[in-house]
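Participant: Sequence:
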Amino acid sequence: MKQLKEFFADKKVVSVIDVGTGSGDFIPVLKEVFPGAQIIGIDPNAESLKEARVKHPDANFGEMNAENLKFADNSFEVASISMALHHLSDVQKALNEMKRVVKKDGWIIVNELFSDYLNPAQEVHKMFHHFRSRIDRLNGISHHETFKKEQIIEMVKTSGIQILLEFEHKNEKNLVAEKGELEIRIKKMNEHLKKIKNLPEYHELKPQIAVFRLKAKKYGFQNATRIVLVGKPVL
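Going by this note's numbering, the sequence shown opens with residue 379, and the numbers climb by one from there.
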């Protein structure tokens, strides 16, 4: 992300924690923005971390929740969270933990997709995401629907973070343009649906897969726009 590189070009950063790192998808961005920095990724999902370790053997990883970071105060120059706010059981607690573990003059980066101002292909992505998030919630897993842009900004401000950089990031690639890609996503939807086969919502959600197929063929499937915020803890 060009804006991040330019913003941090004159700032010394040697340690970064990536909260809710999953399989490490945001780590290439962090490596590019903070070359040579020590990067630690944390996530509660052991299987995702296993994949992250294979993809990024030069980074370190730990299994823990964003709401309870097992690090001392003032441990990192930067704390980032990418595409994970909507997975948190307590967003404010997690942001407060990120504030705690960054140094007094440290930085917090939030990269999160939002649900409004989307084109038709992005609305298809939102449908895909909300299908899975509802099934997760039915299974007792914390997974919110996509937040609106202003909600994300307000969450960050409410947590006591002063926003100093704000921009949008969009990937206009049609993710089902390649042969077989649409069927891969439909297969994933069916796999998730099986997790609630004994619940009444199964019959409500099943027709959505056919609707998703029709809309993806008509409009394409494009990642929802993300908002990127960089700020400092308010002392």
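Take these hints with a grain of salt, some might be off.
[Said to hold, decoys possible] Calculated lysine-lysine pairs in the PhoX-like style (CA-CA distance at most 25 angstroms, straight line):
| no. | residue 1 | residue 2 |
| --- | --- | --- |
| 1 | 584 | 573 |
| 2 | 448 | 504 |
| 3 | 551 | 477 |
| 4 | 380 | 548 |
| 5 | 610 | 390 |
| 6 | 551 | 527 |
| 7 | 504 | 477 |
[Unchecked claim] Have a look at the derived ranges for each label pair, beta carbon to beta carbon:
| no. | residue 1 | residue 2 | range |
| --- | --- | --- | --- |
| 8 | 498 | 581 | 21 to 31 angstroms |
| 9 | 557 | 535 | 38 to 48 angstroms |
| 10 | 588 | 471 | 36 to 46 angstroms |
| 11 | 441 | 573 | 14 to 24 angstroms |
FYI, nobody ran anything at the bench for these hints, they're computed from the structure.
Glycine included, C-beta positions come from ideal geometry on N, C-alpha and C.
Participant: With a cut-off of 25 angstroms on the C-alpha distance, tell me whether residue 551 and residue 527 pass.
Facilitator: holds, 21 angstroms
Participant: Take the C-alpha atoms of residue 584 and residue 573, compute the straight-line distance between them, and say whether it is at most 25 angstroms.
Facilitator: holds, 12 angstroms
Participant: Hint check: residue 448 vs residue 504, CA-CA at most 25 angstroms. Holds or violated?
Facilitator: violated, 33 angstroms
Participant: Taking 36 to 46 angstroms as the hint, is the beta-carbon distance of residue 588 and residue 471 inside that range?
Facilitator: Given a distance of about 39 angstroms, which is inside 36 to 46 angstroms, the answer is holds.
Participant: Would you say the C-beta atoms of residue 498 and residue 581 sit inside 21 to 31 angstroms of each other?
Facilitator: holds, 27 angstroms
Participant: Given the hint that residue 551 pairs with residue 477, does the C-alpha gap stay at or below 25 angstroms?
Facilitator: With a Cα-Cα distance of about 34 angstroms, the restraint between residue 551 and residue 477 is violated, given a limit of 25 angstroms.
Participant: Does the Cβ-Cβ separation between residue 441 and residue 573 fall within 14 to 24 angstroms?
Facilitator: holds, 22 angstroms
Participant: Checking one constraint from the list: CA of residue 504 to CA of residue 477, max 25 angstroms. Satisfied?
Facilitator: Given pair residue 504, residue 477 is violated - Cα atoms ~30 angstroms apart, limit 25 angstroms.
Participant: Would the pair residue 380 and residue 548 pass a check requiring their Cα atoms to be no farther apart than 25 angstroms?
Facilitator: OK: residue 380 and residue 548 at ~12 angstroms, within 25 angstroms.
Participant: Decide if the proposed pair is consistent with the structure: residue 610 and residue 390, CA atoms, cutoff 25 angstroms inclusive.
Facilitator: holds, 15 angstroms
Participant: Taking the beta carbons of residue 557 and residue 535, is their distance inside 38 to 48 angstroms?
Facilitator: holds, 45 angstroms
Violated hints, listed in ascending order, are 2, 3 and 7; each of the other numbered hints is respected by the structure.
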